Amino acid sequence: MDASSSPADKMASKTASSNSLDSSSKSSSLGSKHGGENGMMRDTPFIYLDGEEDQDQKNDVTYVCPYRGPVFGALTITNYRLYFRSLPLREQEPPLIVDVPLGVIARVEKIGGATSRGENSYGIDIFCKDMRNLRFAHKQQNHSRRTVFEKLQANAFPLSYSGRLFAFAHAAAGGGSATASSSAGAGWDGWAVYEPLAELRRLGVPNDMWRATKLNESYSVCDSYPAVWAVPKAASDDFLRRVVQFRSRGRLPVLSWMHPKSQATITRSSQPLVGLSGKRNADDELYLNYIMEANAQSDKLTIMDARPSANAVANKAKGGGYESEGAYKNVEINFLDIHNIHVMRESLRKVKEACYPTTDDSKWQTTIDSTLWLKHIRCILAGAVRIVDKVETMSTSVVVHCSDGWDRTAQLTALSMLLLDPHYRTVRGFEVLIEKEWLSFGHKFQQRIGHGDNKHSDADRSPVFLQFIDSVWQVSQQYVNAFEFNEHFLITIVDHLYSCRFGTFLCNTEAERVAEDLKHRTISLWTHINSSLDQYLNPLFPSFTHGAELVLRPIASVRAVRLWKGLYCRWNPGLCMPQHGCQRTRELLSKQDQLFKHTNELRQKSNNRSNNMQTTTRLASPMH
Amino acid sequence: MATGGSEMPDHRKRNTFTSYVAPLPGDLRANADTNEWFVPSDLRNVHWAKPRLLSNEQVVAEAPAYMYSPIAPMESGDKQPDHKEATFGLLSVTNFKLAFVPLQPRSTLGLPAPSPLSDLYQENLYLGRNEVTLNNIDQIYTIAELGRTASALHAVRVAGSKRKKLEPTKQQSIQGRIAALHIICKNFRLLKFAFQQQDSKMSGSSDNGKRIASALVRFAYPTRHDLSFAYVYREPYYSTLGKPGGGVSMYASKNDWARELIRCGATEWQVVSASSVPLLQNKLHAGKYTLPPHFVIPKSCTVERFLDLSRAFCDSRAAFWVYSYGSSAASLVRLAELQPATQQDTKMENVTLELVRKCDEHKKIKVLQLTENLPSIQDVQRAYQKLRRLCTPETPEKFMLQDDKYLALLDKTNWLLYVSYCLKYANTAASTLRSGTTCVLQESNGRDLCCVISSLTQLLLDPHFRTIDGFQSLVQKEWVALEHPFQRRLAHVYGTPGGSDQLLDSEQSPVFLLFLDCVWQLLQQFPDEFEFSQTYLTSLWDACFMPIFDTFQFDTHAQRARAVSESKLVLRPVWDWGEQFSDKDKMFFSNPLYQRQRGDASQIQQQRRSLAVGHKLSTSGPASGVGSLSMSMNRYTINPQLFATQSTVPQDRFLVAADRIFDLAVWDQCYYRWLPVLDIRGGGQPQVDLFHRMLLSNIAKVQRCLDLQSFEELPDAYYEALGEQRPISKQLQHQDEEPEPELEYVDGVERRRKSLPSTAAAMATASTTNGLVSVTPQLSTLSSFFPFGSPIAGDAPHQLYDILSSSTELLLETSSIMDKSSIV
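Here the protein sequences line up with chains A and B, keeping their order.
First residue of the first sequence: 1, per UniProt numbering; consecutive thereafter.
First residue of the second sequence: 1, per UniProt numbering; consecutive thereafter.
Derived by calculation from the structure, the hints in this document are not laboratory data.
Only a predicted model underlies this, so the values are computations on that prediction, with no experimental measurement involved.
No residue lacks a Cβ here, since even glycine has one placed at the ideal position from N, Cα and C.
Heads up, some of the hints might be wrong.
As the list claims (entries may be wrong) - Covered by chain A, per the in silico footprint, the following chain B stretches (three or more residues, Cβ under 8 Å):
hint : stretch
1    : 398-406
2    : 650-662
3    : 673-687
4    : 697-703
5    : 712-719
Please build the complete structure, drawing on both the sequences and the hints.
Structure representation (structure tokens):
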């Protein structure tokens with residue numbers, strides 16, 4: 001570190017970066033230099049990804065920047081991104097750059113008609129899934145808007161225009177193959193990160209009480225479940241087929257995690273089909289009893305119904321419901337009060353309203369309060385901590401479900417596993433966690449995100465997964481040194497949740513992914529991340545392994561939960577706080593390593609010397 | 001069984017509050033297994049445990065009581081008063097403190113002391129964990145007994161509705177029986193006590209609550225300052241502050257001001273000492289002025305003329321210089337507003353400003369009106385009270401209610417808004433000075449928000465003030481020397497009954513806390529720019545309520561001087577932290593992320609040397625505080641032109657604060673630390689700090705090994721990094737036979753407070769010389785409020801001691817190892 005880190009410079013660099021929306025800045029991962037190394041360099045300012053093709057280019061477009069006002073420049077549209085670069089008026093001025101993957105776009109709209117007057121009132125509005133909106137103004141007379149609009153529609157929503165998502169073109173053109181082979185070897189292939197049987201083995205399955213079954217290998221028993229399940233040994237495959245009947249969409253309770261010592265388990269499922277008449281099913285009741293009995297430490301089984309109790313009751317009208325404590329022996333049921341996907345979508349919309357394009361500083365806290373987003377996050381954290389308490393403190397097995405068992409259930413199981421098991425707090429383990437709890441158990445990413453389709457107001461869209469990532473971030477803020485990865489890792493995941501560059505988050509279920517052969521026809525996000533791991537690592541993590549408590553119990557209070565400004569407010573250059581903190585840690589770490597190395601060399605030298613000495617004395621001794 | 005769709009699951013709703021809060025092994029909670037002492041059937045036990053008393057400290061009332069954790073989640077629905085969540089013990093009111101001493105069950109007496117880790121948490125040498133000074137007590141609420149069947153437990157639970165505030169100054173007779181007391185402290189602590197019911201068969205329990213309550217009302221709200229314990233406590237004070245090289249400028253002498261003038265390169269200003277101005281020594285006239293003993297005024301103005309001008313201003317505060325910055329030495333000046341009577345005639349103000357303008361190199365000044373644009377002291381007080389309400393919920397239900405709309409409630413307090421205003425103004429003032437323009441801060445009396453903005457401005461501009469010594473000098477200069485009315489603002493004294501208590505009440509306002517909060521925000525924004533830690537700032541706020549340290553006890557120097565001369569008060573500066581804390585506690589005052597700049601220390605020492613010009617410097621020794629006060633200066637003024645005129649303040653190290661509410665956070669350590677439910681066990685900043693201390697410690701140890709070319713004492717991390725086994729030395733067998741530290745029975749709890757530093761040192765050396773078995777150092781799991789909050793049982797602290805001692809050595813070292821530039 002030299003003088004460049006003086007506070008004056010810190011400020012200078014802050015203002016410099018705040019003047020551009022350059023997405024290669026650290027708040028975004030999309031334009032990152034990595035992964036594009038073997039892309040071709042053309043006569044354009046950005047590096048084309050493999051398979052990325054120009055679709056349209058216009059040189060006389062105005063980007064109506066909410067912070068700097070209108071800026072004039074060139075707009076390029078490829079099959080992957082929208083790229084705008086301003087033509088600086090002055091020599092020294094850095095150009096303003098907007099670089100948005102088309103997958104991020106939720107909606108494109110024309111503004112202004114033939115009659116519109118006034119500057120910059122004719123053009124295109126773009127609404128993004130990542131909390132920003134963009135407005136480009138075109139000149140009416142040169143008809144540049146039409147092709148831009150059409151190309152945007154066609155390439156941002158390929159599924160609505162019988163096209164294919166960019167991930168396929170990217171992989172077909174060899175994208176990522178170079179990075180994959182250049183890195184540490186096959187172990188870092190993202191598609192190989194999660195092996196269901198290997199992960200079960202890590203958890204200790206099979207054992208006396210649990211077995212793995214490939215009953216669903218062809219996805220015929222439950223089309224939204226993975227091929228491999230871990231179930232109580234006492235339940236035969238035939239028996240399982242019967243239990244499936246009583247669970248919504250056939251999603252019967254299946255093992256998510258097992259405590260290495262007490263063997264208390266977390267299992268997940270959908271709601272039982274109790275209905276208004278309060279139906280009972282002896283197989284289902286017996287099956288839950290098997291799950292309870294598989295844990296010798298407790299004679300109770302806890303069911304965590306993620307929903308508010310009123311919703312659980314209301315679901316009976318639709319044939320669903322919850323396990324009654326009367327019908328199920330030794331079962332206690334808790335309602336975790338987490339609201340449904342529609343409530344969450346509305347809440348995030350309000351967050352966007354509060355954060356973009358500008359914030360009202362005088363009412364900041366009240367505005368955030370009224371989005372209820374932090375309350376929802378608190379609920380999820382509180383639910384996860386309750387599960388942790390049951391499993392860790394009471395050694396009681398827990399069954400988690402909501403209605404379908406693929407939204408709130410995934411949030412809760414994944415989060416509680418993350419709190420219980422330090423493995424999931426490593427980069428590799430977190431990738432496994434997402435592959436397992438979210439992807440293999442059928443969180444409907446395609447529906448919830450709406451990859452490549454233009455139905456922006458689809459009621460199935462919801463930021464459920466984003467909420468999970470936010471919860472993970474909250475935990476990482478409370479336990480700063482408990483995670484191997486940093487905030488940038490989480491933001492990268494969120495960015496590529498939308499970008500459609502990688503195959504990881506495409507499709508709704510494992511069955512669909514197998515049918516689409518994503519493993520071979522697209523690249524995994526994890527391949528991309530694992531090949532440039534350094535930038536995703538948390539320098540404080542080494543301190544955690546030094547005996548700190550392994551089970552995390554974050555504080556689920558709005559007093560302790562914060563709005564993730566680094567994610568939600570990152571497009572507003574004025575709100576980007578300078579990143580600090582870890583710089584000093586890195587310096588100290590490298591100083592320590594340097595000294596260790598130096599010491600080691602000296603010790604080796606002196607050891608050699610003393611060894612030599614010893615040999616000489618030994619040789620010399622007979623002379624005496 | 002078909003349950004049917006109409007079944008409502010409401011009865012199954014579990015209490016969501018307790019569910020996510022891990023059961024705490026807190027030291028206050030009674031151990032459920034040893035409930036033999038829950039029910040104090042044998043009252044003789046109660047009197048077995050006594051609070052530790054200072055010299056001349058006297059117990060004025062005592063009673064057996066149950067102490068509750070602030071929002072102890074209580075089992076709902078049980079009717080029996082079992083006090084399972086409470087600790088039973090003896091509650092005493094003395095002339096110094098309110099003390100609760102838990103009653104230890106006899107059976108555990110012979111057992112080893114509780115977790116040694118608790119030794120690491122902050123312990124005040126004057127106060128135990130369950131004790132608060134009377135100064136700290138702000139509000140007392142009584143909860144009336146509800147009748148024969150209701151339990152004290154019940155009373156505590158329903159407290160919200162039935163509690164009644166005891167007014168400080170009214171000698172009210174307390175009606176009815178008191179089942180419980182809630183005591184709200186100025187430092188955000190809520191204490192809850194419940195008393196044995198009258199219908200119990202015990203003797204002497206009849207009026208316990210009333211006895212304590214009336215003693216508190218009498219002693220916690222003194223109507224005169226000389227009723228404070230400080231006047232009774234006559235232990236002599238031997239300063240340890242005067243060590244060469246260390247140094248807080250007390251600004252109690254002309255020299256201190258002169259030194260600052262020289263350091264800033266301010267040549268147009270002169271120091272005036274009241275003691276050397278004949279007019280101010282004249283009994284007839286002196287009463288017209290309320291001037292501090294030393295102040296700095298424009299050189300172009302004679303003292304007589306200045307005094308003449310000052311009479312037009314509130315509190316005689318006409319244009320005091322406090323700081324200059326930059327090559328042109330643009331000055332920061334504090335100014336009061338004109339007296340209400342003279343406000344029509346702004347001539348005096350114009351003349352004063354003109355004098356200031358002449359001092360500026362470019363003849364430019366900018367006046368910042370603080371009164372109009374910043375909150376009044378009443379606003380600050382209201383914000384503080386609302387904020388404190390959010391931090392002292394009495395029940396889990398209240399906590400959750402607040403939590404549900406927490407941010408909106410926080411917004412309504414306006415506290416962060418005021419913090420934001422202060423930072424904004426400090427930014428403005430700092431940038432004015434940076435642009436080479438003199439900045440005048442004007443406020444009604446020039447002694448409240450002026451202190452905040454002025455000291456923040458200097459913190460932003462000058463790295464010296466970001467060191468511990470520098471910060472203490474800054475507080476001494478801006479707050480103590482220029483007379484922030486601490487006594488009134490912190491309500492050390494309450495108005496007499498029938499007197500103008502309404503007026504006095506409106507004078508209470510934690511302006512100083514507002515300042516500390518602003519500093520904390522800066523610490524969050526620039527974590528490596530400050531030598532002190534947030535623990536230091538929190539401890540500083542706590543120290544405001546320690547009456548035996550005079551720093552924050554007075555409104556003016558005249559008051560202080562009178563207390564010394566008339567009441568023989570012993571002065572003890574709060575900056576002598578060793579008086580209150582052990583070395584271990586002082587270690588946590590330093591910030592492990594701080595990057596000392598090359599030359600910071602030597603530069604200051606050079607200035608010290610350059611000043612040794614013919615003036616008597618205040619000598620360090622016993623009672624230097626008194627000495628410096630009474631020290632008289634023979635010369636009329638000191639002329640800085642005799643010295644170098646160039647400012648030695650570096651100009652490339654200023655900070656710009658992020659000042660929007662968006663950028664601010666709640667100072668959780670200070671405000672939330674008494675709420676165990678918000679304690680992230682094993683998480684939060686302390687773990688990160690600890691990691692950095694460990695790194696520093698490793699670096700220091702390896703460095704020492706390299707220097708000595710001896711590799712016997714390498715840190716464990718070294719062997720771990722190399723995957724090597726640490727060579728096990730022969731002394732290892734004796735490792736387990738560590739002599740038991742001397743036990744001391746205080747407050748009925750075994751403590752090892754006194755012997756702690758030596759034990760720590762012994763342990764530290766033991767672990768380094770003997771070579772520990774554990775290859776992987778097991779760091780302890782800390783509270784996220786560490787060193788506040790409650791200890792967690794079960795970990796061995798010796799490694800921590802070791803890390804602390806060697807890292808602190810490094811932080812305090814003046815060598816260049818930790819210089820910013822030496823680590824790349």
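Hints, one by one, checked against the model:
1. Here the stretch 398-406 of chain B counts 5 residues with a CB under 8 Å from a CB of chain A, which clears the bar of 3, and the coverage holds.
2. Here's how the stretch 650-662 of chain B fares: 9 of its residues keep a CB closer than 8 Å to some CB of chain A, so the rule of at least three is met and the hint holds.
3. Under a criterion of three residues with beta carbons nearer than 8 Å to beta carbons of chain A, the stated coverage of the stretch 673-687 of chain B is upheld, 10 such residues being counted.
4. A count of 4 residues in the stretch 697-703 of chain B with a Cβ less than 8 Å from any Cβ of chain A is obtained; the coverage claim is therefore met, three being the minimum.
5. Figure legend: the stretch 712-719 of chain B, annotated as covered by chain A; annotation consistent (3 residues with Cβ-Cβ distances under 8 Å, at least 3 required).
In summary, this structure violates none of the numbered hints.
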